[in-house]
Amino acid sequence: MRVYLDHAATTRVFDEVAQEVMKLFTQFYGNASSTHSHGYEARRFYEEARTKIAKHLNVEPDEIYFTSGGTESDNIAIRGFLRANFPNGGHIITTQIEHPAVLEVAKQLEKEGYEVTYLKPTEEGYVTPDDFRKAIRKNTVLASIMWVNNETGVIQPIDEISKIAREHGIVLHSDAVQAIGKIRIDARLVDMLSASGHKFYAPKGCGFLYVSKGIRIEPIMYGGGHEKGLRSGTENVPGAHGMAVALELIEKNYEAWSERVKKLKEKIVNAIECIPDHHINGSNTIFSHINVSFKGVHGESLATALDMCGISVSTASACASHHAKGRSHVLEAMELEDWIVDGAIRISLGYDNSEEEIDYFVEILQREVTRLRSMS
Amino acid sequence: MKVFLDNCRTTKVLPEVVQKINEYMLEKFARPDGLYESAQEIYDELTEAREFFAKTINASSGEEIVFTSGATEANNLALLGVARASRKKGNHIIISALEHGSVMSIAEALKKEGFEVTIVPVDSEGILKLDEFEKAIRPTTILVSVIAVGHFVGSIMPLEEIGEILSKQDHRIYFHTDAAEMYAKMPIDVQKLKLDLMSVSGHKFHGPKGVGFLYVRKGVKIEPIMYGAESFDKRRPGGENVPAIMGMKKAAELAFEQMEESYRKLRELQEYFIERVENEIDHVILNGPRGEKRTPYNVNFSFSFIEGEAISLGLSLEGVEVATGSACASESLEPNYAILAIGGDHERAHGSIRFTFSRFTSKEELDYAIEKLKKVVQWLRNISPLKAGR
Amino acid sequence: MLKYTELVLDHFKNPRNLGRIENPDAEATEGSVACGDMMTVYLKIEDNRIVDIKFESYGCAANIATASMMTEVVKGLTLEEAKKITWKDIVERLGGLPPVKYHCSNLAIDTLRKAISAYEESFVRK
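Protein chains in written order, with the working numbering: chain P, 1093 to 1468; chain F, 12 to 401; chain R, -18 to 107.
Excised from the complex, chain P in its bound form (with noise of 0.2 Å):
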């Protein structure tokens, strides 16, 4: 049996997704901006994807821009609001536990000049949001935090932290990959948020960011001025109808859809509660993510074990694991033992596990922690 438990590194596209993105290459292949009648097909299609993403987050159409994915999203929304508001310097707020695709963009501009203040999470994972507000300083210009942590699952307190942020006028992007389409968003928290299509059952290639209105925002690339000049490039029809299509159902859905997941999960860890000298890492986590640690067993080991056996999971991060040294930055920063770093597997569920992969799974894994542990 195999079984897909790296949800959150990326997922299938649901069949009807699937079905319909088929549809857009076969039917009406035009070019969104070309002035014949396959064109206004394809506009058709990309202008209403983008009147029901807008709805699902609660903000309106011309406030939603397509883009080629969530790192470019991400880059997007934190270099394009600086270039066009602050482009000599400030100040900036992030976290230690961003995904790679805001860390980075961080550091690059640390080496422009600007200053960036890393907010350190929580023995939990969270970064508190009265670290938040004693870091704000005269000179700070953007805020980008995380809504849902990609390796632990984690929920941002963005609340709380929306609220400091408006009382200090302070521009707050959050990238919100690992939480939409999990988790009900109300983009109106924030200003500017980005997401990423292969994480919610679309096709990959696909994203999107949302700017608030007045925010003004440069381009990170140039071109055909396509998306009213913030991103360039022939429209990805497929892939935003695609997008808009997985977002409905998952709206249709949700109520059984999460409950469900809900129940595997709790399955999980039961389980995992029987397993002496574990750690979950992380606490209010997202129903999709169990990041878990066991004493004694190294997280790559058991990864390959479960690999072995038929199981897809991860280990620290997806991003991380294929060149670098795979240590989670993310659960270093939340200062935690060396063996729970070392040993951490994350566990991702998505809409399509089923009861009896859950419970395979929880098999393979206790056997498996036992005997890596009967090695070491």
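Since the hints were derived computationally from the structure, they do not count as laboratory data. Don't take each hint at face value.
To be verified - On the chain F side, residues computed to face chain R include the following (Cβ under 8 Å):
#1 GLU318
#2 LEU324
#3 SER337
#4 CYS339
#5 HIS361
#6 ILE394
#7 PRO396
Each residue gets a CB set at the ideal place from its N, CA and C atoms; glycine is no exception.
Once you have looked at the hints, place chains F and R on chain P.
Only chains F and R this time, still in chain P's reference frame:
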């Protein structure tokens, strides 16, 4: 009957390509950077895909291929990336007067960043003036970007000669081409042409939208335009659009199989089309070169006394889709700069219609298009106050 | 990206009052080829009323459609009434135009008014 003759704008995605995309959306959906078997499989296939694309252009290794979200991003990465990385060496960039809009826009943006841009003119056929090009080179020139095949008038640029001239300079100048209209249609050898960078767009050869690649010769210093997780490629962070990349690979495989035969077939069709239009409709001007200097995928005529948007809409109502260089059809209300660059006046730009073929275009389709074209032109000329000799 | 209403497309495909008038009472041309928009209007006037109007046009679909609609609107009106017709009236009658095309209906009205002025001036001189 519906005849699509706007293939330069976009092309129909082939069923085999759609199937590939489907496969990677639904079955092989893992990321290449996971630790599990299905992820490793994707990693290997992506590596293989890079090798494949490298071979198609005689690049020395798959590592010289950077997958992007399309040619616009590739152009941005190439120009912004190289200019910014080479700032200490110089600040002068040379482009041609017929570059694709994205290159023109990027050049404008670079000017705001302190770079100087020289636009080298083209002749009346749309071919880069090599003597003027050579004269434009300065000690501070760091980058040259010349489109491989002009997208509006179809002229094939003298890339080999440009590469030759650049290699004779006493300092290193990077050579980029936007090859969107040449790749998979005509052979490109980056060694022979001495190219350092090349942009390719997936949806121009029956692949999906939202994907392309940039060839970056080993050793070329390039600053990324985006930062993030460096899972597969440091130069372009972010999750790879695997389905689109594999779809693009399939589209390329199919295109390359047919490339030579298509070239010959389209050359015949192009000559046929040009001959019929010139014989059967009066007061027409062919924009761009004839023969080997022109891509066989493109025909562009200006029709006197009538206006392009009206012609293209009239044709569209008859089932024939084309493009026009008229100001009225553009958002900015500016006439197509390509016609102006080859020495045409505004009137010629306003009356211009571009017909672009795909390797699937048939003679029957062209016959149908010509009949409708004659009808529309005649009818619009009846409406027009402009008459020959008036 | 231009989306035309059904009415605009209809006037584009089947322009009303197309052509010339032999010995018109007034004639005017506005616009230029360089701009991509040009129109000639011919008027036949009796007792200060436009009894016939014809047009020729060089330009885009909106140009042709607005000219056609304009002639339909003013045919039969007195000169005074015709002078009161605005470009907005034309756009409204067409069910709307993409804003970027409003200048086309401007051209139609300008050409009409120029023709009427030419007539009135020549009348006065007579």
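Okay, the hints, checked on the actual structure:
no.: 1; hint: GLU318; verdict: 5 Å, holds
no.: 2; hint: LEU324; verdict: 5 Å, holds
no.: 3; hint: SER337; verdict: 6 Å, holds
no.: 4; hint: CYS339; verdict: 4 Å, holds
no.: 5; hint: HIS361; verdict: 4 Å, holds
no.: 6; hint: ILE394; verdict: 6 Å, holds
no.: 7; hint: PRO396; verdict: 4 Å, holds
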